[in-house]
Amino acid sequence: MSVNRVTTRTAPEEIDGVRTPLRGRDAELAFIEERLDALGRGEGGIVRAEGPAGIGRSRILAEAAAAARRRGTRVFEGAADPDEQFVPLGPLLEGVLSGEEPLSGARRLRDLAATPGQRFWLLQELGDRLREAARNGPLLVVLDDLQWCDDLTLLTFHTLAAGLSSHPILWLVAVRAGSVPSGVRTTLDRIRQAGAHGLVLGTLEDRAVARITEDVLGAPPDPDVLRLAHRAEGVPQLLVELLGSLREEAVTIENGMAGLSAGPPAPRELPSVVRRLDQLSDEARELVQTAAAVGGTVTVALLAELLGRSSAALITAVRESLDADLLAESGDRLAFRHDLVREAVEAGLPLPLRQALSRQAAGLPPGSAPADAAEAERAAPGDAAEAARLRTEAAELAATAPGRAAELSLKALELTTADAPERPRVVAETIPLLWQTGRASRARELGATALAAGGLGPEDEALVRLALARLAVQFDFSEAVRQARAGAALPGISPTARGRLLAMLAVGLSMSGEHAAAEQVAAQAWDTAAAAGDRAAEATLTTVRSAVSFHRMDLAEAFRQAERSAALADALGVGTSLWVPEALWHALLANTTGRTAEALAVAEEGIRITGEQGRTAATRMWLMTRTRILLETGRLSDARADAEAASPTADDPGPGNLADVTLRYVMLRVALHTGDRRTAEAYAAEARRMRSDDAPVVRHFGTWMLALMADHEGRPDRAMAELDAVMTSPAADRPAYAGLIDPADAPVLVRMALRAGRHERAAQAVAMAEKRAVLNPDLPFLAATAAHARGLLDNDLAPLVRAVRLYEDCPRVLARASALEDAGRKLAATRRSEAVPYFETALALYARSGAERDVARVRRRLRAAGVRRRPSAAGLSDAWPELTAAELRTVRLVARGLTNRQAAEQLSLSSHTVSSHLRRAFTKLDVTSRAELTRLVKHRDSGE
5 MSVNRVTTRT APEEIDGVRT PLRGRDAELA FIEERLDALG RGEGGIVRAE GPAGIGRSRI
65 LAEAAAAARR RGTRVFEGAA DPDEQFVPLG PLLEGVLSGE EPLSGARRLR DLAATPGQRF
125 WLLQELGDRL REAARNGPLL VVLDDLQWCD DLTLLTFHTL AAGLSSHPIL WLVAVRAGSV
185 PSGVRTTLDR IRQAGAHGLV LGTLEDRAVA RITEDVLGAP PDPDVLRLAH RAEGVPQLLV
245 ELLGSLREEA VTIENGMAGL SAGPPAPREL PSVVRRLDQL SDEARELVQT AAAVGGTVTV
305 ALLAELLGRS SAALITAVRE SLDADLLAES GDRLAFRHDL VREAVEAGLP LPLRQALSRQ
365 AAGLPPGSAP ADAAEAERAA PGDAAEAARL RTEAAELAAT APGRAAELSL KALELTTADA
425 PERPRVVAET IPLLWQTGRA SRARELGATA LAAGGLGPED EALVRLALAR LAVQFDFSEA
485 VRQARAGAAL PGISPTARGR LLAMLAVGLS MSGEHAAAEQ VAAQAWDTAA AAGDRAAEAT
545 LTTVRSAVSF HRMDLAEAFR QAERSAALAD ALGVGTSLWV PEALWHALLA NTTGRTAEAL
605 AVAEEGIRIT GEQGRTAATR MWLMTRTRIL LETGRLSDAR ADAEAASPTA DDPGPGNLAD
665 VTLRYVMLRV ALHTGDRRTA EAYAAEARRM RSDDAPVVRH FGTWMLALMA DHEGRPDRAM
725 AELDAVMTSP AADRPAYAGL IDPADAPVLV RMALRAGRHE RAAQAVAMAE KRAVLNPDLP
785 FLAATAAHAR GLLDNDLAPL VRAVRLYEDC PRVLARASAL EDAGRKLAAT RRSEAVPYFE
845 TALALYARSG AERDVARVRR RLRAAGVRRR PSAAGLSDAW PELTAAELRT VRLVARGLTN
905 RQAAEQLSLS SHTVSSHLRR AFTKLDVTSR AELTRLVKHR DSGE
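948 is the number that this note's numbering gives the last residue of the sequence shown; the numbers go up by one with no jumps.
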C-alpha cells in the first residue's frame, strides 16, 4: 500500500516560504504544553482542535509536534484528503509508517492493509505496535483534517484511542468547524464522551493582528494600514496573505511606520483562495466566480439563470463550493465565507466580464444602465405602480427565466401591503415560481400564511389553494387532494378556477391510487373545463383519462390518451400546465409496458428541456422518473446516481411521495440486487413509514418493498403476510397488478408465494398477468411476464423457454436474466449440460448490470451444474470480469491521473458516485491505493 503523504499544504502563515511567528495563540500553546507535560508523566488522552478554514488548525498541530520533538517525544503525523477517502486507513497508516522514525513492523502492517479480509487483524496489529512503542516512551499521534477521513480510519482512531487510553499516547486531531459527514460527527461524539479535550480556535484579537501586521510589513502599522488589516476579521491566513500582496507595491515605511502609499488598495487575488479555486471542478469554479461578480448574497436560482443551467444541475457545484469553505448558506441564499474571499475571487475576473455579469444579475440587457433595478430598490411598500410593473415583468420572464421571475415576484410581494386587495393574487403568482425554482418550503409557507390570515374572497382563496395543490403533487399526494377539494368547493368562483381545481383534484386522486374517485371527478371537471374553454385543464384531465385506461388494462387507449395529453401540454407551453409536465406519465407508462427505450428517450428529453429552462422542480421529477427506467434496463449504478442527484432535501415540504414511489423504491431494489444490506435496511425503514401514509399508492409501494425485503431475508411467510392487505381481487380503485408495482414483478411474486406455500396467491398473480397479456397482444413484454409466471407456477419448462424468447427483443435486462436463470434451474434438475448456456447468459446480463448478489447466486448454480471454470461475462472486457461497466469507466479515468471531481465531470456523475464506484472497485480488485490501481490498469489493458 502506498503511504506517501496524501496532500501538500502551504502553512497558512508563510510569506515567501518563511514562516511568521505564531501570534495570539498563547492560551492554546499553553494548553498544548500542559497536555505534553501530562504525557511525559504517562497520561495519554485526546485533544480535538476545531475551527474554520484559515484559522490555523494545521499550524497549531505543527507547533505541537515541534514542541513534542523538543521533549524527545516520538511523533507520528498523518493527514486526510477529500480525494483519497476510498483508501482505507490511508491517513493513519501514512502517519505511523512514514517519516523519520516509522512504527516497527511496517512491512507486516502494509501487507495486512493490502490483503482483503484482514482488517480485524490489521487493527489488532496496529494496536500491538503502538503499545510496544509506548513502552519505550510517550507517543504523539497527529491526525489533520478529520472531516476527510475514510470510515475505517475513523473507526480505527476512536477504537485505538479508547483501547490504549491507559498508555502514554496523546492523540491530537484537527477538524473543520461546521457541517461534517455523519460518520465524522459520530466519531467526534464518541471521543467527546471518552473525555477528549476541546481546543476551539477563534479569530485573533486586535493586539495579535497588529503584531502579525508588523511581522509581515517589517514596521508597526499606521492607523490606515491597521484598518486594512482588520478587514481580515482576525483570520490569520487571510491576514498574512492580504498584507503579503500589498507589501511590495502598496506599503511604504516612513519614520519607522508602515503606511499606504496611495490610499486604499484595490482588491487582489489571495494565494489560498486561488488554490481552493484551482482544486474545484470547472462547474463549481464558474459558480463561485459568478457569485463573486454578483456580490452580496445570491440565490441558487439566479446563479442558474446567469450560468444558463437549471438549479438541479448546480447541486454538485454548490455542494463542492460549500465543502471548499468558499461559500456558506445564508438562509435560502448563498454567501461568501468572508468578504475578502469574495473580493479575491472577483479580482481574478476581467473587468468587462464582472460588469456584464452584474448587469445580467440585475435583469438588464447588455450595455444598459441599472435604472429599473435601482428604481425597484428605492421603491417602498405600498408602491402599487412599481409592484404592478414587477408582476408584469415576472409574467413575461416566467417561461424563459423562472429564477429571475421568482425574484421579481417576491419583490412585488414586498411592495404589496398586507391589506392590499391584490396581495392574494401576488401570492398565488409567486408560489409556483418559487416551487419551480427549488424553494418549495418557502412557497408552501407563503400560501399557508395567506390562508391563515383569513379575509380572502372565494376567488382569491381558490387561486392560492390551486397553487398549493400544484406544489403538493411532488411532495404529498393527499395534501394535493385536500387543497384542490377545498378550493373546488368554494362558492361563487369562476369556471376557469373551478375547472383547474377539479383537474388538480383528479390528478391528486389518481396519483394517490384512488382511481375510481379520480375518474368521477375527471368527468365533472371535463364539463367545467370545456365550458370555460380551458385547454390547460384539458391536458391535465387527458392524463387522468390515460391513467384510468391503464388501470383497466386497456393499454392501447392509455397510450393514445397519454400522447394526446403530452401534445396538448407542449402546445400550451410548460408555464400553463397544471401538472409539470404531463409527459412524465407518458414515460412511466412506456416503461411499465416494456417500451423502455421510448421511455428513456422521453425522460432524457424532459431532463434536458427543464434543465435549460431552469425548472428545478420539474428536473427533479424527471430524474426520479428516470431512476425507475434505469433500474428496469439493468443500469443499476446509473439508477443509483440519479436517485442521489434527485434525493429529497431539508427544504422539501411533506414526506416526498413522488420520491417514495420512484427513487426510494429504486434504491431498495438496487441494494437487494447488489447485496448492499445496510442500504436495503435503511430503505426498508422508509417503507415502514410509507405503509402508514394517507395515499393508497404509497402504502402499496411500501408494502411491496417490505415484502421484497422479507423474501430477501429468507422469510417468504412474512413477505406474504405483508402483501395480504393488497393482494385482493382488483377493485376499480386499486392498481391492476394484484399487489405488484410492475408486470415483471409477477414472476417474483409467484416464487415468493410458492416458497411460502401460498399456491392460491401464486395462481392469482399468474391469472392477472395472463389477462393483461391477452388484452394487449401487441406488447410482447406482457406476454413474456405471463409466460414466465406460468412456467414457475406449473414448474413447466416450455413457458419458461417461451418467456426467454419473448424477452430477447425487450430491453428489460433484469427480467430477461431472471427468466434465463429460472429456465436453467428447471433444466439443471434433469439435463445439467443444457442448463449451462442459460446460466452463463444470465450471469453475463447480471454482471453487466452490476447485480452482484444475483451474479453470486448464478455462479453457485453453475458450480452445482459441474462448471468449474469462471464463465465469461458477455458485454464486459475479458480483462475486467470483476467490474461493472460504470466501475470500469471510472477506474480507467482515475488511472490516467484524474481526481474524483475531474472523473465525475467527464462521466456526468457526482463526486460521491465516483467515490462509490471506486470503493467497490478497490474491494473487488483487492487494491488499496491509486498507485496500485494504476499499475493494474496498465498491466491488464496492455494485455501483458
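In short, the hints are calculated from the structure, not lab data.
A couple of the hints might just be wrong.
[Said to hold, decoys possible] Label-pair ranges, simulated between beta-carbon atoms:
# : residue 1 : residue 2 : range
1 : Ala686    : Asp115    : 50 to 56 Å
2 : Arg74     : Ala689    : 49 to 55 Å
3 : Pro495    : Asp782    : 47 to 53 Å
4 : Asn259    : Glu38     : 40 to 46 Å
[To be verified] The calculated EDC-like cross-link candidates involving lysine to aspartate or glutamate, where the alpha carbons are at most 20 Å apart (straight line), are:
# : residue 1 : residue 2
5 : Lys775    : Glu561
6 : Lys775    : Glu764
7 : Lys830    : Asp800
We treat Cβ as the ideally placed atom computed from N, Cα and C, and that holds for glycine.
Please name the hints from earlier in the document that this structure breaks, with their numbers sorted from lowest to highest. Violated hint: only 1; rest satisfied.
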